[in-house]
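Number of protein chains: 2
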Amino acid sequence: MRRTLLAAALSLLVALPLQAQQPTRIGDAAMTQAVTLRERALADDTGWKVVESLTTEVGPRLAGSEADARAVEWAKAKFKALGYDKVWTEPVTFPKWERRSESARIVGAHAQALHVTALGGSPGGKVEAEVVRFESLEALEKAAPGSLAGKIAFIDYPMTRAKDGRGYGPGSRVRSGGPSAAIRAGALAYVMRSAGTDSHRNPHTGITRFDDGLKPIPSAALSLPDADQLARLVALGQVKIALDLDCGWNGEYTSQNVIGEITGRSKPDDVVVIGGHLDSWDLGTGAIDDGAGVAIGMAAGHLIGTLPKGQRPARTIRVVAFANEEQGLYGGRAYAQKHAADLRKHQLGAESDFGAGRIYAFAAKTPDYAKEAVARIAQALAPLGIEHREDGEGCGPDLSPFNAIGMACAGLSQDGTDYFDLHHTPDDTLDKIDPKALAQNVAAYTVFAFLAADAQGDFGSAPKPATP
Amino acid sequence: MRRTLLAAALSLLVALPLQAQQPTRIGDAAMTQAVTLRERALADDTGWKVVESLTTEVGPRLAGSEADARAVEWAKAKFKALGYDKVWTEPVTFPKWERRSESARIVGAHAQALHVTALGGSPGGKVEAEVVRFESLEALEKAAPGSLAGKIAFIDYPMTRAKDGRGYGPGSRVRSGGPSAAIRAGALAYVMRSAGTDSHRNPHTGITRFDDGLKPIPSAALSLPDADQLARLVALGQVKIALDLDCGWNGEYTSQNVIGEITGRSKPDDVVVIGGHLDSWDLGTGAIDDGAGVAIGMAAGHLIGTLPKGQRPARTIRVVAFANEEQGLYGGRAYAQKHAADLRKHQLGAESDFGAGRIYAFAAKTPDYAKEAVARIAQALAPLGIEHREDGEGCGPDLSPFNAIGMACAGLSQDGTDYFDLHHTPDDTLDKIDPKALAQNVAAYTVFAFLAADAQGDFGSAPKPATP
Numbered sequence: 001m002r003r004t005l006l007a008a009a010l011s012l013l014v015a016l017p018l019q020a021q022q023p024t025r026i027g028d029a030a031m032t033q034a035v036t037l038r039e040r041a042l043a044d045d046t047g048w049k050v051v052e053s054l055t056t057e058v059g060p061r062l063a064g065s066e067a068d069a070r071a072v073e074w075a076k077a078k079f080k081a082l083g084y085d086k087v088w089t090e091p092v093t094f095p096k097w098e099r100r101s102e103s104a105r106i107v108g109a110h111a112q113a114l115h116v117t118a119l120g121g122s123p124g125g126k127v128e129a130e131v132v133r134f135e136s137l138e139a140l141e142k143a144a145p146g147s148l149a150g151k152i153a154f155i156d157y158p159m160t161r162a163k164d165g166r167g168y169g170p171g172s173r174v175r176s177g178g179p180s181a182a183i184r185a186g187a188l189a190y191v192m193r194s195a196g197t198d199s200h201r202n203p204h205t206g207i208t209r210f211d212d213g214l215k216p217i218p219s220a221a222l223s224l225p226d227a228d229q230l231a232r233l234v235a236l237g238q239v240k241i242a243l244d245l246d247c248g249w250n251g252e253y254t255s256q257n258v259i260g261e262i263t264g265r266s267k268p269d270d271v272v273v274i275g276g277h278l279d280s281w282d283l284g285t286g287a288i289d290d291g292a293g294v295a296i297g298m299a300a301g302h303l304i305g306t307l308p309k310g311q312r313p314a315r316t317i318r319v320v321a322f323a324n325e326e327q328g329l330y331g332g333r334a335y336a337q338k339h340a341a342d343l344r345k346h347q348l349g350a351e352s353d354f355g356a357g358r359i360y361a362f363a364a365k366t367p368d369y370a371k372e373a374v375a376r377i378a379q380a381l382a383p384l385g386i387e388h389r390e391d392g393e394g395c396g397p398d399l400s401p402f403n404a405i406g407m408a409c410a411g412l413s414q415d416g417t418d419y420f421d422l423h424h425t426p427d428d429t430l431d432k433i434d435p436k437a438l439a440q441n442v443a444a445y446t447v448f449a450f451l452a453a454d455a456q457g458d459f460g461s462a463p464k465p466a467t468p
Numbered sequence: 001m002r003r004t005l006l007a008a009a010l011s012l013l014v015a016l017p018l019q020a021q022q023p024t025r026i027g028d029a030a031m032t033q034a035v036t037l038r039e040r041a042l043a044d045d046t047g048w049k050v051v052e053s054l055t056t057e058v059g060p061r062l063a064g065s066e067a068d069a070r071a072v073e074w075a076k077a078k079f080k081a082l083g084y085d086k087v088w089t090e091p092v093t094f095p096k097w098e099r100r101s102e103s104a105r106i107v108g109a110h111a112q113a114l115h116v117t118a119l120g121g122s123p124g125g126k127v128e129a130e131v132v133r134f135e136s137l138e139a140l141e142k143a144a145p146g147s148l149a150g151k152i153a154f155i156d157y158p159m160t161r162a163k164d165g166r167g168y169g170p171g172s173r174v175r176s177g178g179p180s181a182a183i184r185a186g187a188l189a190y191v192m193r194s195a196g197t198d199s200h201r202n203p204h205t206g207i208t209r210f211d212d213g214l215k216p217i218p219s220a221a222l223s224l225p226d227a228d229q230l231a232r233l234v235a236l237g238q239v240k241i242a243l244d245l246d247c248g249w250n251g252e253y254t255s256q257n258v259i260g261e262i263t264g265r266s267k268p269d270d271v272v273v274i275g276g277h278l279d280s281w282d283l284g285t286g287a288i289d290d291g292a293g294v295a296i297g298m299a300a301g302h303l304i305g306t307l308p309k310g311q312r313p314a315r316t317i318r319v320v321a322f323a324n325e326e327q328g329l330y331g332g333r334a335y336a337q338k339h340a341a342d343l344r345k346h347q348l349g350a351e352s353d354f355g356a357g358r359i360y361a362f363a364a365k366t367p368d369y370a371k372e373a374v375a376r377i378a379q380a381l382a383p384l385g386i387e388h389r390e391d392g393e394g395c396g397p398d399l400s401p402f403n404a405i406g407m408a409c410a411g412l413s414q415d416g417t418d419y420f421d422l423h424h425t426p427d428d429t430l431d432k433i434d435p436k437a438l439a440q441n442v443a444a445y446t447v448f449a450f451l452a453a454d455a456q457g458d459f460g461s462a463p464k465p466a467t468p
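Going down the list, the sequences are from chains E and W. Going letter by letter, the first sequence gives residues 1 to 468 in my numbering. Going letter by letter, the second sequence gives residues 1 to 468 in my numbering.
Treat the hints as calculated values from the structure; they're not laboratory data. Remember, it's a predicted structure, so these values are computed and weren't measured experimentally. Incorrect hints may have been included.
[Claimed, not checked] Within a straight-line C-alpha distance of at most 30 Å, the following computed DSBU-like cross-link-like pairs (lysine-lysine) qualify:
hint, chain 1, residue 1, chain 2, residue 2
1, E, 76, W, 240
2, W, 163, E, 126
3, W, 49, W, 163
4, E, 436, W, 163
5, E, 49, W, 240
Chain E on its own, in the form it takes in the complex:
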């Protein structure tokens, strides 16, 4: 009863401002300017040059590694070189995980090497034991406690390919939930078929976790052909593997969110925030994850920054290169915490962190009074082959903590059909990016950020009451 009353009161609180609020508007002059910016962006190679520079000069940049510091310096210098008005950093502290070496091999009559990589957060260790194969996380979770004593658990779940990446939900749960399920069944170590969709000898790394109270065990991913091979050998009879991981947590590290701003014409304290994450896994050079996102944000802000001051959008464009997304959204959570008091000043946010495929859909969940402005943005995006959808997929991982407490959020959905062929593997390299598709992304973010920043009125950012 009390809950119903409270809900009614809350819905009244939400509904009232909606009725009082003037519709948010985007004028014709802004639309004309957005078209010009869009066409310029399509013909511009700034995005490509930025991602080429980051992936070549810094290369892989595991959070907490010496390359993390080089990436921060790179980002500061790149923002300045691109003419950003303000450039600064905000500290982000996290535990540091190190990968030193890793190997696995079949022992015995079918002796051969397996291509394996430690999951982020795994402890090191050497284990030689028989493998027990499971077809899914659910199957391993059903294993009786102690039933895997002295064994290595192997989940051989095949992730499915999809344009919107929806196969990654179940795929990544095998990575995050598998180790704890293996420990509960008594296993000495855990291996999984990588959460990926390719057919190469590339294991896919990624963060895992261990439930409280469990003693972590060495946990690793096999490439898909290696998982196939192990499954065939298990089907032939008892198979032992020797897993040797040297990795683990090693103290704390403080990295930085690196932020650049193109100052707004008339409301410089209000911001539209875009960006990507600066860290990458260590196996590839972090081109699609997420050099592309950083480059798209930096290039979009840069293009808006080249407008004569009087033609700048009303609000500021803020581009954030987030620290340590990969190991738990540390940069995004630090940003949300630091800027919570300024939440209403965040007009709208969108992060690019799903590769460099073409954007095919745009969506923003906003109050009714902003729907007309959202439709205007969609109208300017449509010639890029971008469809307006009612329901989006959120605003990217690093803005999700801020969105959770009330920041208005838009989503520009990229075609991720091939994303999980490369994601978290050595193959995440520059050559996998199509420069034309990247330019389409830059054009979309430029149009989006410009129009959102120039709109008369807001998109509904407002602190949410904390969930009870």
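Following the hints, complete the assembly by docking chain W onto the known chain E.
Just chain W now, kept in the frame of chain E:
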């Protein structure tokens, strides 16, 4: 003048038997039987099961490794299990090369790992030095002696993709000729863009050689994305890499050519010889190079062997799984040497060693009297989508030494468009084989071997006078 007389005399010697010789014929009954065998082969999965077994149970099988011995035992057992009438081995001795570990990294301001593999035959060694890039072997060959003192030579030649693999000629010359050219210019070490056509972080290994009188230097191949990365960094300024190879020659090893026969109906001492090579490089599991070739030969012989004895072809089908092709055709040369006296008893030969892509062309260089029989074989192959061509590409690497001294030879050309994406890399695994394309290969070899073995007359095998 004397040369002209000699040539005239020789042409007379060659021409005389041609005029006297009856045309080689293939009868209608044999053609009917070939059609039946072809359709059975297309519906049969023996080839797939054989290559699955070899690549799974033995896995990688570098010549001279402990897996080489396992592969020999596997081949003997498999021939027996497939019902071959005779199974035996013939020794093949060669120097043993071992790969123990290998790594490379950019050092300094752009520090990052590079994916590298030692070339077969390379010595080990640790070298940290500046890289000098060349666009081709020819460019490195022009470098002045001593001009690369204290440096690492890097050839960044991009191999081209082609259905018939013709890009591999210049591509593999960079591998075989680069190290000696680097030594002549004074280099401490040699790295090359892999001779491959893919875009993965897989370096392509393969044998190299050092010219007499030169002191070998550590020599390695970079994956194509790593070569791109190194080229970009070199373009930005001085770049040092640290190369660390632990590999080298280590004594001699004696492996075996493994041979299985389906005995002929009426001329059991005459043979049609088919097969592939049993060894592989160590990085992949040797599925397309050359598990497929072994499987195609074994399955074709097996299918012919299932015929009732009275319906067997006149001659014997001999399937050879050759030892150590990769490091210098050791198995093929041993076979030619051992069987030189029986050369005329070799009716016709063809080896499969270009992957598992569909066969699209058939050719046999024979005397005129055998052309009608060749046309009959082509006629039986045509429904498989195989075109009859006048000029073939030889009969595969391992039969080339025997062909050079006079064995008649046919070629069944496979579509190798994707072959050099996988060749000599970790990605040469079972999943890269299309079972239907493999069955088409088996059908083609079955038809070819059956008809060649049953022909009335020969295809021109005769000892060649040694080239002066």
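Worksheet item: Hint numbers the structure violates, sorted upward?
Response: The structure breaks only hint 2.
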